[in-house]
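> Line by line, the protein sequences are chains A and B. Mind the numbering: the first sequence is residues 1 to 377 in this note's numbering, read in order. Mind the numbering: the second sequence is residues 378 to 754 in this note's numbering, read in order.
Honestly, I wouldn't trust all of these hints.
Stated by the list, open to error - Taking beta-carbon pairs under 10 Å as the criterion, some of the chain B residues facing chain A (in silico):
#, residue
1, Thr423
2, Leu461
3, Met706
4, Ala707
No lab work stands behind these hints: they were computed from the structure. Every residue, glycine too, gets a C-beta built ideally from N, C-alpha and C.
Number of protein chains: 2
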Amino acid sequence: MTRDRSLPAGLHFQLQHVDLQSGARLGELHTLRGPVCTPAFMPVGTQATVKGLTPGMVRATGAQMVLANTYHLALRPGEDVVKLLGGLHQFSGWSGPILTDSGGFQLFSLARISAVTDAGAQFRSHIDGRLLELSPERAVAIQEQLGSDIAMVLDHVVALPSDRTLVEEACQRTVLWAERSQAAAVRKDQSLFAIVQGGLDPQLRQSCAERLVALDFPGYAIGGLSVGEAPAEMYRILDVTAPLLPEDRPRYPMGVGRPEDLLEAIRRGVDLFDCVMPTRNGRNALAFTDRGTVRMKNRVHREDARPLEEGCACAACQHSRGFLRHLFMAGEMLGPILLSIHNLTYYQRLLSTVREAIKADRFEECYREKMAGWQTA
Amino acid sequence: MTRDRSLPAGLHFQLQHVDLQSGARLGELHTLRGPVCTPAFMPVGTQATVKGLTPGMVRATGAQMVLANTYHLALRPGEDVVKLLGGLHQFSGWSGPILTDSGGFQLFSLARISAVTDAGAQFRSHIDGRLLELSPERAVAIQEQLGSDIAMVLDHVVALPSDRTLVEEACQRTVLWAERSQAAAVRKDQSLFAIVQGGLDPQLRQSCAERLVALDFPGYAIGGLSVGEAPAEMYRILDVTAPLLPEDRPRYPMGVGRPEDLLEAIRRGVDLFDCVMPTRNGRNALAFTDRGTVRMKNRVHREDARPLEEGCACAACQHSRGFLRHLFMAGEMLGPILLSIHNLTYYQRLLSTVREAIKADRFEECYREKMAGWQTA
Chain A
1 MTRDRSLPAG
11 LHFQLQHVDL
21 QSGARLGELH
31 TLRGPVCTPA
41 FMPVGTQATV
51 KGLTPGMVRA
61 TGAQMVLANT
71 YHLALRPGED
81 VVKLLGGLHQ
91 FSGWSGPILT
101 DSGGFQLFSL
111 ARISAVTDAG
121 AQFRSHIDGR
131 LLELSPERAV
141 AIQEQLGSDI
151 AMVLDHVVAL
161 PSDRTLVEEA
171 CQRTVLWAER
181 SQAAAVRKDQ
191 SLFAIVQGGL
201 DPQLRQSCAE
211 RLVALDFPGY
221 AIGGLSVGEA
231 PAEMYRILDV
241 TAPLLPEDRP
251 RYPMGVGRPE
261 DLLEAIRRGV
271 DLFDCVMPTR
281 NGRNALAFTD
291 RGTVRMKNRV
301 HREDARPLEE
311 GCACAACQHS
321 RGFLRHLFMA
331 GEMLGPILLS
341 IHNLTYYQRL
351 LSTVREAIKA
361 DRFEECYREK
371 MAGWQTA
Chain B
378 MTRDRSLPAG
388 LHFQLQHVDL
398 QSGARLGELH
408 TLRGPVCTPA
418 FMPVGTQATV
428 KGLTPGMVRA
438 TGAQMVLANT
448 YHLALRPGED
458 VVKLLGGLHQ
468 FSGWSGPILT
478 DSGGFQLFSL
488 ARISAVTDAG
498 AQFRSHIDGR
508 LLELSPERAV
518 AIQEQLGSDI
528 AMVLDHVVAL
538 PSDRTLVEEA
548 CQRTVLWAER
558 SQAAAVRKDQ
568 SLFAIVQGGL
578 DPQLRQSCAE
588 RLVALDFPGY
598 AIGGLSVGEA
608 PAEMYRILDV
618 TAPLLPEDRP
628 RYPMGVGRPE
638 DLLEAIRRGV
648 DLFDCVMPTR
658 NGRNALAFTD
668 RGTVRMKNRV
678 HREDARPLEE
688 GCACAACQHS
698 RGFLRHLFMA
708 GEMLGPILLS
718 IHNLTYYQRL
728 LSTVREAIKA
738 DRFEECYREK
748 MAGWQTA
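Using the sequences plus the hints, can you model the full thing?
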C-alpha cells in the first residue's frame, strides 16, 4: 500500500512533542486561515454562530477554530445562500479556520431517518418534515459550497448499544462512504477528514481505522462516541483506536466532552475537540470552574459578591455571582451570554494549561491536579 | 417664593446653546460619574441589564447614561441585595451615570393596582401576585439603596384618555407625592427629579408644572406620555409643558420614543430620553436606519450581501443583511443581540448628529433631512 503523504494545500499538522509519561500530544495545525495549537477545543457554531456570541467575543475566549454544522446550514439558509454571501467565513464573520461536520451525526440525533442504504440516507427535516436525501458526494458538495477549511466525510452513526451486525454494517458503509467522499472532493483549499466508527467493539474500531488509514486522509476523527455510553467505555475505545491512527495526522474524537473527558482523551493521544457543553450548559446556568461545576441559580449565590472564578478575566467574572444569579432568575439574555463566555473561556484556559504541561513533560501532574480540583465541588 | 438654586452635590446642568430657529437645546449634564451630552438618549436596563448586552457593549453604542427600573429591582433581586452587592453601578457593571425611575409607570402598566390613596399604592407583583405597597417615601428609600445618580419621584400615572376628575386627582396626588419625596430624600450624591402629570389637558399640565417648579427640583420629567395617545397629542402637551419648566434644569419626557418623536420633542426644548423601542424592536427583528425601519425577517434580505446600514460601524453592520436575516429565521440569540446593538447605536448617532446641528444653528435643516429619509422606506 502506497501512502501519499502530501496534504491539501494549506493544511499541515506538526506534531511537536509527546509527553514522556502519557500519550498526550502537543502540536500545531497550520491552516490557510491561521494556526491552531493542539490539543484544541472548537466552540460549536451550529447555525454559523456560537449561540449568543459575536465572532469577536468567541475570539476573546481564546478559540482559534470553530465548528459549524452542515446539516443545519444546508436546511437553513441553504448552502447556496451561504456561498452567495461569500462562504462560511464571510457569512459568519469568523475569519479563522472553520471545521464543518458532515451531517452524519445530525441524521442520527435530530432528523427522522427513513432509510439508509449504500447510496445515502433518506430523512425528514427536523424543521418542516420535508423528505430529503444526503449522500457522501452531496455532503462533500455542500461543504465545498460552505467553504470550510476542514470538511468531514459523511459517516453512518448508530445508537449505542446496538446489535453487532448493525454496527458492522454501519462501519462498512462508513468506509465505503469515506472512499467515495475522497473521490468526490475537488476543492484544494479544503481538507477532508475521515471518521472511524465501530461502536464499542474494539475489533470493528480496529478494522475501520485500518481501512480508513489505508485511504490516507489528512486527519482522522473518532466518531460515534459521547452518545450516552459510560465514560469508561469511551476511554476504552480511545485506548484501542488512537494508536491505530497515523502519528502525523490530527486525531479528533467528535463531540467530546466534559473537562474530565478532554483530559482522559488527551492522555490517550488525541488533538481536537468540539462539544456543545460549554455553551449549552452555560445557557442553562451551569458554569465550569477549577473547583467543579457551579449552578448559578442556586440561592447560595444571592448575595455573593465574589466572581464566579477568581482570577478569570472573562466578561462574566467582571461581575459578582449575585448579579449572575439575578440575570438567570430574571430571565435576562445576558445570563446565558455571560455563562457561555465563561465556559468557553474556561475550556480554552484548560487546554492552554494542558499544552504548557505537555511541553514540560508534566501532563500527568496537571491531570491529577485538575481532576482533584473538580472533585472538591 | 424663594428658589434655592443650589443643586445636589455632583449634579450640574449646563445649558450651552439654544438653536436659533427652534426650541432645540444643547447642554451637558455633569454627574459624579461623568458627563452626559444633551439631548441624550438613555438605553433601558430594566433589570440592571440592557437586554442582551454587556456594559462594555452598551458603552460602545455611544451611551453615556442608562436607566434602570425601581419597580423591577425592588421585586427582584430586592434593593437590599443590590445594596449588599455594592449598589447599582457595582451590581450591573455600568460605571457611568444611572437614572432610576420610581415605579410609578410600572404600577400603571405591569402590576395589578388594587388601591391608590394619598398614602401610596397597593398592588400585586406581576411575578408572583404578592400584595405590596409603594409610597413616595418608600420609592425614594429604594432608590437610595439602589444608589442611582438620578432618582425619580413616585407619580400617579393614569391611562389616556381618562375622566378629567381622575386625571386631576392623579395630578394633585403627584404634586403631593413630589413634595413628600423631596422631604424624604437624604442622599447628597443622588438627585431627585419631579414628574409633571396632567394627561392631555393643557390646564392640568400647566398647574402641575407650576406647582412642581415652585418646589425647585434639579430636573423635571414630563410623564404620562407615550402611553398610546396620538403623536400629535404628545407634541401638543410638550408644546405647553416644556416652556413652563426652568430653563436651567434638564427636561425629560419619559418613555419617548420613536426617532421622529425624539426630533419633535427636541425642537420643543427637552433634553433627556429613554425608551425600550431600540432594544425591544431590535429583539423583534425591526431595525432603525436613516431610510426608515427595516424588517430583518423579510425574504428580500435572504441573499443581500449589503450591511443593514452603509457606513455604520456597529457590530451588526459588520455582517450582511442575509446573515442577520438567517439569525432571526434560525431563532439564534445573536439576531436580537446584534439588532439591539444596531438600534442603540442608531439612536446615539442620531442624537450626536442633532447635537452638532444645534451647535451650528441648523437643527431645523437636520430635522427635515431626517424626516425625509425616514419616509423613503
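> Which of the listed hints are broken here?
none
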